[in-house]
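Visitor: Protein chains in written order, with my numbering: chain A, 3 to 279; chain B, 379 to 677.
The set of hints was computed from the structure by calculation and includes no laboratory data. Misleading hints may appear alongside valid ones.
Calculated pairs, PhoX-like style, for lysine-lysine (alpha carbon to alpha carbon, straight line, at most 25 Å) [unchecked claim]:
1) B/Lys-481 to B/Lys-552
2) A/Lys-104 to B/Lys-475
3) A/Lys-275 to B/Lys-453
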Amino acid sequence: MLRLLQIEFIKLWNNNASRVLIISYFVLILCMALIAAIKFDIGPIQFHVAEQGIFNFPYIWHLNTWIASGLKLFFAIIIVSMMANEYSNKTLKQNLIDGLSKKEFIASKFITVFAFSVISTIFVFLVSLVLGLFYSDFTELSIIFSELEYLLAYFIKLLGFFSFCLFLGILVKRSAFALGFLIIWFAIENLGIRFLVWWLAGKEASASAMKFLPLESMGNLIKEPISRFKAVQSMVEQVGEEFHKDYSVHFYEILIVGCWTSIFIYLSFILLKKRDL
Amino acid sequence: METILTVNNLTKKFGYLTAVKDLSFNIEKGNVYGILGPNGSGKSTTLGIVLNVVNKTAGDFAWFGGNVSTHSALKKVGAIIERPNFYPYMTAIQNLKLVCKIKEVPEDKIEEKLEMVGLLERKNSKFRTYSLGMKQRLAIASALLNDPEILILDEPTNGLDPQGIHQIRGIIKKIAAQGTTILLASHLLDEVEKVCSHVVILRKGEKLYSGPVDEMLTSYGFFELRATDEPALMNFLGNHGSFGSLKQENGLITAILKEEMDASSLNNDLFKNGIVLSHLVKRKASLEEQFLSLTNHNK
């Protein structure tokens, strides 16, 4: 397994473009800390983001995993091109001739994606922990380490999304087209399927069907945290609206994304096995 | 003798097109094999199948007696097919290190193999800066990293300039001299004739011949004869039991032998029968003539 990871690492790290992208991705995660530095100081109005309670434990786990998962699109470029380049350079063919089995080939890509998801999760954990320790109003251990399921959700979300990217890379064989396909798929889910089911079976059915679609189910893992923020909630209540939303991470949601992950990896393997190179 | 590769009734169909039809042959250790055939005769497809990149339709093949899986057998094989494929953004050394990882062999042979193909000075240049000849030589170095039991080369001199072709052939001969089994696919006959001891000849995916090169040149050769009294000569040859077909062209008679006969005894016989020759040459058919006659006969 280590050998497969090393093989993929040599391929990625010696490529200037992917090396720059990988480093920038992790630097960007670190940059989340910069939100703390946002400060407005206009005469009588003083506004310091960090002091508004957004970095309070355990809310910070939710907020930061949500922000960081926005960066995954950036990483999708690396994943898709690391797969598609194997086709365009014909190195996939050479790898197989050199004695890598098709299973090992897929495994080396999946292990790499897995490793990146783990590292990314650890990064988000550390950045949030440090930010929280600086700015949180509560620093009791039991509070700090509550709601850690958002990190698990973040990890599952990355793994699922990257597996989808891997699959698209193999399916389409061209990085640019694969990324285009990703966007088209997003449109298919949100416009095509959502309204098709709505039209056929009504709003309720549409909402429950959406939960099972790959991109939507990944998006559902971590719900937007903005409206959960106290300041926003009190604002909404002033307007007179009642506010009830379920923000928690559900087990069945993780299960759905887990299923998609295995489906994508399995389909990638089948495609590779069936195709003549 | 140890069998390296056995191919049994292998068939590959691309839709309605049959690229390889019911092909069987064996590769024994220590020989240099040529797979000969015109373009599109199924050479690359056959190699693709045994190298695990093309899926077979029917039949089977076995590496090293069939006791190992194809992908682990390939770790003991060195192969280059069509174009050299490497990561363009990596240097020769980095590319070869990756191959070592895949083949699970130590990295200490890299320099030695680069030296052998004459690329040691360019070892730190990126692959994309290489000329086609250099790329092809790097591919050979890469195929040799594991000191393979068999080296498979598919059209190794395709698209190279005469100097490049010469270099590659020199390298192949050097490797063959070390006792490595080689399987060389080519449509260049002189290439195969110069290097190979055995041949498999394909046409439209079917095997026409497989066996030693010498036996393929089965004929006992032929005589080219010219005499003043042509009808008498034709008459004599026609009645002689040792000759097969006779051909007359521009006053030159070509008589193909059915059994061994040397030029002096023929000359002697003819003289005794009162036929005086003005031209007598005994020749062996070249691989090219044999190949053309084989591929034409079976149309």
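Visitor: For each hint, tell me whether it holds in the structure or not.
Guide: Status of each hint after checking the structure:
1. Note on B/Lys-481 and B/Lys-552: the hinted pairing holds, with a Cα-Cα distance of about 23 Å set against a maximum of 25 Å.
2. A hinted pair counts as satisfied when its Cα atoms are at most 25 Å apart, and A/Lys-104 with B/Lys-475 qualifies at roughly 20 Å.
3. Taking the CA atoms of A/Lys-275 and B/Lys-453, the gap is about 19 Å. The hint holds against a cut of 25 Å.
No hint from the list above goes unmet by this structure.
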